[in-house]
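> Listed below are the residues making up each chain.
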Amino acid sequence: MLNRIQEFIIGSFKLTLKGNRTYHLWMAFLTVLVLSGAFAYYRQYTEGLIVTNMRDQVSWAFYIGNFTFLVGVAAAAVLLVIPAYVYNWKPIREIAIFGELLAISAIVMCLLFVTVDIGQPLRVLELLPVIGSLNVPSSLLGWDVLVLNGYLILNVVIVGHFLYKAYFKKPYNKAFVVPLLLLSIPAAISIHTVTAFVYNGMAARPFWNASILAPRFIASAFCSGPAVMLILFQILRRTTHIRIRLEAIRKIAELMAYAMFLNLFLFGAEIFKEYYSDTDHLAHTEYLYSGLHGHTALVPFAWVSLICSVVAFILFLVPKTRMNMVTLNLGCILIWSGVYIEKGMALVIPGMTPDTLGEIYEYIPTWTEIRIGAGVFAIGFMVFTMLCKVAIPLLHDTLADPVAPGEPYPEKL
Amino acid sequence: MKESEERQDLLPGWSALVVMLTIFAALSVITLMTLLHGGDDHIDPEAHGRVAYGPADFPEIDFEMQLQPHVEEAAGEREAGTFTVPPPPFSDDFIFPCSECHADLETDTERRELEAFHEDIVLNHGPEERWCLDCHNTDDRDNLRLVSGELVGFDESYKLCGQCHGTIFRDWRAGIHGRRRGYWDGAKEYLLCAHCHDPHAPKYKPIAPLPPPVRPQFLAQAADPESEHAEAEEGHEP
Amino acid sequence: MKKNGDPPRIDRRVFMAGGTTAMAAIAAGITGAPAGFIENLLHKNFKEISPERLQRIVQEMEADYTAKYGKTVTVSTTGAQPGVVFGYGLDLSRCVGCRRCVYACVDENNQSRDPQIHWIRVLKMDKSKGIHLEGSDPYYDPEEVPEENAFYMPVACQQCSNPPCTKVCPVEATWQEPDGIVVVDYDQCIGCRCCMAACPYGARHFNWAEPEIAADEVNPDMHYLGNRPRPKGVVEKCTFCIQRVRKGRYPACVEICPVGARKFGNLLDEESEIRVLMREKRVFVLKEDLNTQPKFYYFYAT
Chain A
3 MLNRIQEFII
13 GSFKLTLKGN
23 RTYHLWMAFL
33 TVLVLSGAFA
43 YYRQYTEGLI
53 VTNMRDQVSW
63 AFYIGNFTFL
73 VGVAAAAVLL
83 VIPAYVYNWK
93 PIREIAIFGE
103 LLAISAIVMC
113 LLFVTVDIGQ
123 PLRVLELLPV
133 IGSLNVPSSL
143 LGWDVLVLNG
153 YLILNVVIVG
163 HFLYKAYFKK
173 PYNKAFVVPL
183 LLLSIPAAIS
193 IHTVTAFVYN
203 GMAARPFWNA
213 SILAPRFIAS
223 AFCSGPAVML
233 ILFQILRRTT
243 HIRIRLEAIR
253 KIAELMAYAM
263 FLNLFLFGAE
273 IFKEYYSDTD
283 HLAHTEYLYS
293 GLHGHTALVP
303 FAWVSLICSV
313 VAFILFLVPK
323 TRMNMVTLNL
333 GCILIWSGVY
343 IEKGMALVIP
353 GMTPDTLGEI
363 YEYIPTWTEI
373 RIGAGVFAIG
383 FMVFTMLCKV
393 AIPLLHDTLA
403 DPVAPGEPYP
413 EKL
Chain B
9 MKESEERQDL
19 LPGWSALVVM
29 LTIFAALSVI
39 TLMTLLHGGD
49 DHIDPEAHGR
59 VAYGPADFPE
69 IDFEMQLQPH
79 VEEAAGEREA
89 GTFTVPPPPF
99 SDDFIFPCSE
109 CHADLETDTE
119 RRELEAFHED
129 IVLNHGPEER
139 WCLDCHNTDD
149 RDNLRLVSGE
159 LVGFDESYKL
169 CGQCHGTIFR
179 DWRAGIHGRR
189 RGYWDGAKEY
199 LLCAHCHDPH
209 APKYKPIAPL
219 PPPVRPQFLA
229 QAADPESEHA
239 EAEEGHEP
Chain C
8 MKKNGDPPRI
18 DRRVFMAGGT
28 TAMAAIAAGI
38 TGAPAGFIEN
48 LLHKNFKEIS
58 PERLQRIVQE
68 MEADYTAKYG
78 KTVTVSTTGA
88 QPGVVFGYGL
98 DLSRCVGCRR
108 CVYACVDENN
118 QSRDPQIHWI
128 RVLKMDKSKG
138 IHLEGSDPYY
148 DPEEVPEENA
158 FYMPVACQQC
168 SNPPCTKVCP
178 VEATWQEPDG
188 IVVVDYDQCI
198 GCRCCMAACP
208 YGARHFNWAE
218 PEIAADEVNP
228 DMHYLGNRPR
238 PKGVVEKCTF
248 CIQRVRKGRY
258 PACVEICPVG
268 ARKFGNLLDE
278 ESEIRVLMRE
288 KRVFVLKEDL
298 NTQPKFYYFY
308 AT
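Protein sequence lines correspond, in order, to chains A, B and C. To convert, take the position in the first sequence, counting from 1, and add 2; that gives the working numbering. To convert, take the position in the second sequence, counting from 1, and add 8; that gives the working numbering. To convert, take the position in the third sequence, counting from 1, and add 7; that gives the working numbering.
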């Protein structure tokens, strides 16, 4: 058994080494980003977080914003798992594995973003249950560590099982993997809910302390995660021989349209409450959308995000633009940008501006932060690329498209 | 599924890619502009909070706050009312006991502008209703005189103040008016009213504040003596 | 707490301690890393270690600091006195905003001079608006204080009875002591800054870089939960000068205040200054709607 696992791992690793010129160029590009991030991180590690623009007034920012966004991407894998395994819908079941691969990569990025954010990264062992001093059930961040790692392990086991069996050309064990897949559905919801609760539970920050936050997190995750997947599917369709059916894409797009409606509706409800009640707590929303006392750093971001989300919703709502591949892709990019800004910049920073004593410190990330962030994203993309590189040939039988890339589909597959 | 629909390729050529890239470019430009525009540009160049001062920059202030030896010795005593006061704050210009001069002087009880001596004293303590000899004892200048006629020393002047300022006197005795040093459950060092309030003009005198904290924008460079901001604010020493 | 002489409980951690030490030794043997480094990774929370182990750790600290700063440093482990819960009073009608307390606090508690850390923030408020945090200014710097039309509100840790900061900590690195003081274990804190996000009073401060403090400015009277030197990347906060108050002294800010606006005492003692002022004056707490139940009472004596 151990021998076979070893063989599987080495064999899989060898698969990632082979590839055409584009693949190697892509990997080289990512390596450059990773190295740049690593150097930036070395500086941050030796000098301290002073090299970021985070300060006592805004003590969480770019890193934690990215973390939050990526938790959403990871959670969105369920949007494939549910139709695939709950409703047993074949066109999506064939490609559901990519959702899990994306989830693994996203969680890896999440954990890296948390690691680069903390002041004493060598003490992460404290976060281990039993060995360390993980403060559950009291600390939501403690819970988040548990569910994120649980979700990561779950997905690694599921994907590992599929690939391991495929490697030795055996059918996967349904009795083993389907319960795990079903378990991954509540796990996915819980990672994003718990992440929302980390913010939500802080009465000190009225911008976050709204019960609508967790539903908004889930709704926006179901917009941005599948948007990433739709684009990735099309790139994979172009660059590899996988079969991705149009109906699968359209089903995902339809589900996204519902999620986008919900996202905008919840956003509207929040905006109504803030502006109509017009309390001191409005300051955070005002800072975001109109600036406060001349401090307007986030205003362009906020409006770009809102416009992106609204336009994307219209594109997804109208059947004609949803069916059209150009506008569908455009919608994906727009919703992705909209949610990325919303979670990355417009959730964490305005929550802390003005700070609890009313001071306004305008946070803008430093280049060090951006380089470290880009490095983390590069690692995530690398993980995803390598996982695909292993999964696609191994799962050739289920995934392979009888039609060459770019060719039209025959009437029946 | 109609064939015409199926014919659509899933990645629709480069046109979509161009749109995507344009959007990304636009977002990047906004980010870049914000980055270039961000930072300390928003801070008024005259604004304070650029230099990190520490306690060592103010040697004239006694931050160590050593207690008087007898307070230190009485540390453990929890008996109510265990408190000591330092000697009264006579200014250096005057001689105590007052009788050194006043014994030989004739008493002039008339309300008047002081010219020969003590002319620096400005009476701003109910000047219409009050006069020196309301508090200073006429016959024995080394003591103060209560309304009852009882004499009290300058080191018990609080009794005199307490005649009018009853509620504050009560607060002071209980420890909730005035500065305290010492032990929260033991011996304490009180101050006389006159240590903080000039009895002739008791309103608390304004003082120079110590410098403000460093703004978050300048935290990373605040103590760098080379920085131009530091030089600009050099003159802060009080 | 064990410090008060309770027999040590045989709990999971004590039981585990032997195991982790062995693990540390093995890990050190394998990686060639110094054993201290690995032991630090598996630091046991001060709240839960045995008094003997604490004494050993504190002796090491004293030796380290004495060597580092070239003067005799003592690190106290004085525990909470039974029957004592500390409370603080601040008279807003007296405070003139001179910031003596801010710097006395830095002097006493060994905060980093650069990057600068202040535990007390003095907010200047507009008299016509009352306590309005959003309109407050912490950077005022006139020739003289108090200014016309302004009053001043110093804010530091409010030592909440229901602290939102301790419950969010993912690694139990911060807790409330039996005498009500909320403390941080600088050797346990991972620097995630969750507590800073949770604190409604901006009372927690992060060491964004390696704290810098000249050896001759170091206050050598330290407490292991208080003013001992902090590494970079951890959170610190006001401890009511734990090294002073557990020996009976007033906090430094109380003693430096030239107008006597700051009051301190035992909330469980009816005769203490804090209880007298709560009886005689009308007190209020900051952001009472958050149910943090501060033990820091503001009042207006006049």
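Derived by calculation from the structure, the hints in this document are not laboratory data. These numbers come from a predicted model, not from an experiment. Among the hints, erroneous ones may be present.
[Stated by the list, open to error] Computed cross-link-like contacts, DSSO-like style, restricted to lysine-lysine with a CA-CA straight-line distance of at most 30 Å:
| id | chain 1 | residue 1 | chain 2 | residue 2 |
| --- | --- | --- | --- | --- |
| 1 | C | K136 | C | K54 |
| 2 | C | K136 | A | K275 |
| 3 | B | K213 | C | K134 |
| 4 | C | K294 | A | K275 |
| 5 | C | K54 | B | K211 |
| 6 | B | K213 | C | K54 |
| 7 | C | K288 | B | K213 |
| 8 | C | K174 | B | K211 |
| 9 | C | K54 | A | K275 |
| 10 | B | K167 | C | K54 |
| 11 | A | K16 | A | K171 |
| 12 | A | K391 | A | K322 |
| 13 | C | K54 | C | K75 |
| 14 | B | K211 | C | K75 |
| 15 | A | K20 | A | K167 |
[To be verified] Computed far set for chain A versus chain B, every beta-carbon distance over 12 Å:
| id | residue |
| --- | --- |
| 16 | I11 |
| 17 | L37 |
| 18 | I52 |
| 19 | N211 |
| 20 | L264 |
| 21 | F303 |
| 22 | Y365 |
Even for Gly, the Cβ is constructed at its ideal location relative to N, Cα and C.
> For this structure, which hints from the list above don't hold up?
1, 5, 6, 8, 9, 10, 12, 14, 18, 21, 22
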